[in-house]
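Protein chains: 2
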Amino acid sequence: MNPEPFLQLDRVIHEKGRLPIMALLAAAPQLSFTEMRDTLKMTDGNLTAHVRTLHEAGYVSVTKAFQGGRPLTTYSLTKQGRKVFTSYIDLLEQIVQQSKGK
Amino acid sequence: MNPEPFLQLDRVIHEKGRLPIMALLAAAPQLSFTEMRDTLKMTDGNLTAHVRTLHEAGYVSVTKAFQGGRPLTTYSLTKQGRKVFTSYIDLLEQIVQQSKGK
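These protein sequences, in sequence, are chains A and B.
The numbering used here applies: residue 80 is where the first sequence begins, and numbers increase by one.
The numbering used here applies: residue 80 is where the second sequence begins, and numbers increase by one.
FYI, nobody ran anything at the bench for these hints, they're computed from the structure.
Be aware that a few hints might be false.
Since copy identity is lost for identical chains, a pair holds within one copy or between any two.
No more than 30 Å apart at the CA atoms, straight line, and that leaves these computed lysine-lysine pairs for BS3-like [said to hold, decoys possible]:
{"#": "1", "residue 1": "K143", "residue 2": "K120"}
{"#": "2", "residue 1": "K120", "residue 2": "K158"}
{"#": "3", "residue 1": "K95", "residue 2": "K158"}
{"#": "4", "residue 1": "K179", "residue 2": "K162"}
{"#": "5", "residue 1": "K162", "residue 2": "K95"}
{"#": "6", "residue 1": "K143", "residue 2": "K95"}
{"#": "7", "residue 1": "K143", "residue 2": "K162"}
Everything numeric in this text was worked out from a predicted model, so none of it was measured.
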């Protein structure tokens, strides 16, 4: 077994609660807090904490705007976030292939 | 995006330090502590702690024997450990496929 792909996994993304947030944002240009919470079935507190960590890592950007006179906050992957997520998924693919003997 | 495979990830296996231990043991009938440590480039303390958690979860069995008059401890996946690891890798594969749009 080659341990390299395991060693290279980004801990910020690998966390079970943060991985689906990255995957969800990778599949959309941007999403609101409510859209993310409803898709991921997370509590407000959990989602807030994980998004903050991803933001502090430079992987997620936060945009505050107004829509119909009400504040709307949207989230999207930064260029760096998209890059590290692609690398992370490539490592997962290597791990799956190794483990399935491909 | 379907969040189910993310939600189903086994936290005991998903931890970055434990995942390569499970993958290594899945690829061999049994291994000694030294063999695992050298392949995974882990410290004794780290490996000991992770193996203990996997043992307590019922995923890894520990066998103590003598070889040439010296004690030899070997580790292997239990039947349950092999089953949960296979399920975990199947989930990773679904996550990779979703993320690559396959």
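State whether the alpha carbon distance between K143 and K120 is at most 30 Å within one copy, between copies, both, or neither. Within. Shortest intra-copy distance 23 Å satisfies the 30 Å Cα cut-off; inter-copy 45 Å does not.
Given identical chains, is K162 near K95, meaning Cα to Cα at most 30 Å, within a copy, between copies, both, or neither? Close inside one copy (19 Å) and across copies (20 Å); limit 30 Å.
What label fits K179 with K162 when the C-alpha limit is 30 Å: within, between, both, or neither? both (26 Å within a copy, 13 Å between copies)
Measure nothing new, just compare the shortest in-copy and cross-copy C-alpha distances for K143 and K95 to 30 Å and report within, between, both or neither. So K143 and K95 pass the 30 Å test inside one copy only (27 Å; across, 34 Å).
If the cutoff is 30 Å on CA atoms, where do K120 and K158 land: within, between, both or neither? Let me know, please. within (26 Å within a copy, 32 Å between copies)
Could you place K143 and K162 in one of the four classes (within, between, both, neither) given a Cα distance threshold of 30 Å? within (24 Å within a copy, 46 Å between copies)
Alpha-carbon proximity between K95 and K158, which holds within one copy, between copies, both or neither at 30 Å: Cα proximity of K95 and K158: in one copy and across copies (22 Å, 25 Å).
Every hint, counting from the list given before, is met by this structure.
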